[in-house]
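**Student:** For the sequence shown, the numbering used here begins at 108 and goes up steadily by one.
Treat each hint with caution, since some may be false.
Label-pair distances were calculated between CB atoms; the ranges are [unchecked claim]:
#1 Glu198 with Pro158: 56 to 62 Å
#2 Arg212 with Ile153: 45 to 51 Å
#3 Ile206 with Met155: 18 to 24 Å
#4 Pro156 with Ala176: 26 to 32 Å
#5 His191 with Ile153: 36 to 42 Å
Hints listed in this document are in silico derivations from the structure and should not be mistaken for laboratory results.
We put the beta carbon where it would ideally sit given N, CA and C, even for glycine.
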Amino acid sequence: CSRACANRHGLIRKYGLNLCRQCFREYAADIGFKKATHYLKPNTEIKMPPPVPLWKLAAASGPYVKLAALSGATAVILGALGSHKHYAKDEIGQEQRRIFETANRYH
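All chains, please: the whole structure from these sequences, using the hints.
**Tutor:** As structure tokens, this is what we get:
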């Protein structure tokens, strides 16, 4: 097979080869093409690290987990206080209730 294959169906024109697929497969090694699978696969096997218990992860993060727990507990307590508070029936009390409900919804 020369550089210009007689089979015009399915020519590989990339790189100026002008070969059909069958001729390309037949002469790929002679031309200098190599399959990418040999050198693209990693030679080393990837191993997962052993799982770490959750309490060790929490202890390693330092004071951030404790700060998050304290913040969450404070939010729950303030939400309960605000929702169970008896607001005045006047305009100021209704405004305070509306502000609390809006803030609670946004949080």
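**Student:** Each hint needs a verdict: does it hold in this structure or not?
**Tutor:** Hint by hint, here is what the structure shows:
{"no.": "1", "hint": "Glu198 with Pro158: 56 to 62 Å", "in the structure": "holds, 59 Å"}
{"no.": "2", "hint": "Arg212 with Ile153: 45 to 51 Å", "in the structure": "holds, 46 Å"}
{"no.": "3", "hint": "Ile206 with Met155: 18 to 24 Å", "in the structure": "violated, 51 Å"}
{"no.": "4", "hint": "Pro156 with Ala176: 26 to 32 Å", "in the structure": "holds, 27 Å"}
{"no.": "5", "hint": "His191 with Ile153: 36 to 42 Å", "in the structure": "violated, 55 Å"}
Taken one by one, the earlier hints fail for this structure at numbers 3 and 5, listed in ascending order.
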